[in-house]
Amino acid sequence: MAFLGRTEIGIKKTGFSSKCPDNPKAKLMYYLNCMSNVLQMDNGDADRTRLTQYRQYDNLSDSDTDVLIVLWLALSPDILINKCIFQNEAMCRDSANQFFEIEAVRNNLLVAGNIMIGGRSRRVSKIMTFKMVWLRECYLDPLKELIEDRERKLRDDEKRQRAATELEQRRVVREQERKRLSEETERMRILGEQRRGRRKSAKCTII
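Numbering-wise (numbering that gives the first Met the number 0), the sequence shown opens with residue 0 and increments by one.
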């Protein structure tokens, strides 16, 4: 038996050991996978399934990563702690986190039977205990790193866009200068022909 909050819960250890790649995107996907095990999510959700395959993190596009960050924030520990995930190092033992199936033995209660996520009620199907190092390595640090990376890419994109705009503006200016030079050359040519025509006319009159 274990006591979580004030509800006596019969618990059965479940899950298996898994090594997550040392990459912030992979860790983000691993966190989402863990929360998908704890909460009953929609079956057949292809996007969620793809976004939880953390060993294939390299396959995610930038737009997929943006969706992943949104889901990650929606499943923030602030919402889930002491409802379906619990900081409890003793129950984790040698692991950084551990999953348990829940069987209520008193008053037929479950730990936070349902949780509102993104305006929708999600049923708690398991609980997860974790050590603080797990939360830091699988949520806090990679979230910060990934958001900073996305912001850096956006700044780089803005710089490239400004540079492209400046190049286009210079091209337009050069084109306008070439056009003015061409027009001026044509005007001088016509003026020269007119002068030669007048000189020829004057010479004929003198004769």
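A hint or two may mislead.
Claimed, not checked - No farther apart than 16 angstroms at their CA atoms in a straight line, the calculated lysine to aspartate or glutamate pairs in the EDC-like style are these:
{"no.": "1", "residue 1": "82", "residue 2": "100"}
{"no.": "2", "residue 1": "24", "residue 2": "61"}
{"no.": "3", "residue 1": "24", "residue 2": "148"}
{"no.": "4", "residue 1": "143", "residue 2": "21"}
{"no.": "5", "residue 1": "24", "residue 2": "77"}
{"no.": "6", "residue 1": "24", "residue 2": "100"}
Calculated from the structure, these hints are not laboratory results. This structure is a prediction, so every number in the text was calculated from the model and none was measured.
The hints, checked one at a time:
1. 82 x 100: Status holds; Cα separation ~14 angstroms.
2. 24 x 61: 11 angstroms, holds
3. 24 x 148: 10 angstroms, holds
4. 143 x 21: Distance of about 15 angstroms is within 16 angstroms: holds.
5. 24 x 77: Cα-Cα ~20 angstroms, so violated.
6. 24 x 100: Since the Cα atoms of residue 24 and residue 100 sit roughly 28 angstroms apart, the hinted pair is violated (cutoff 16 angstroms).
Figure legend: structure checked against the earlier numbered hints; hints not met, in rising order: 5, 6.
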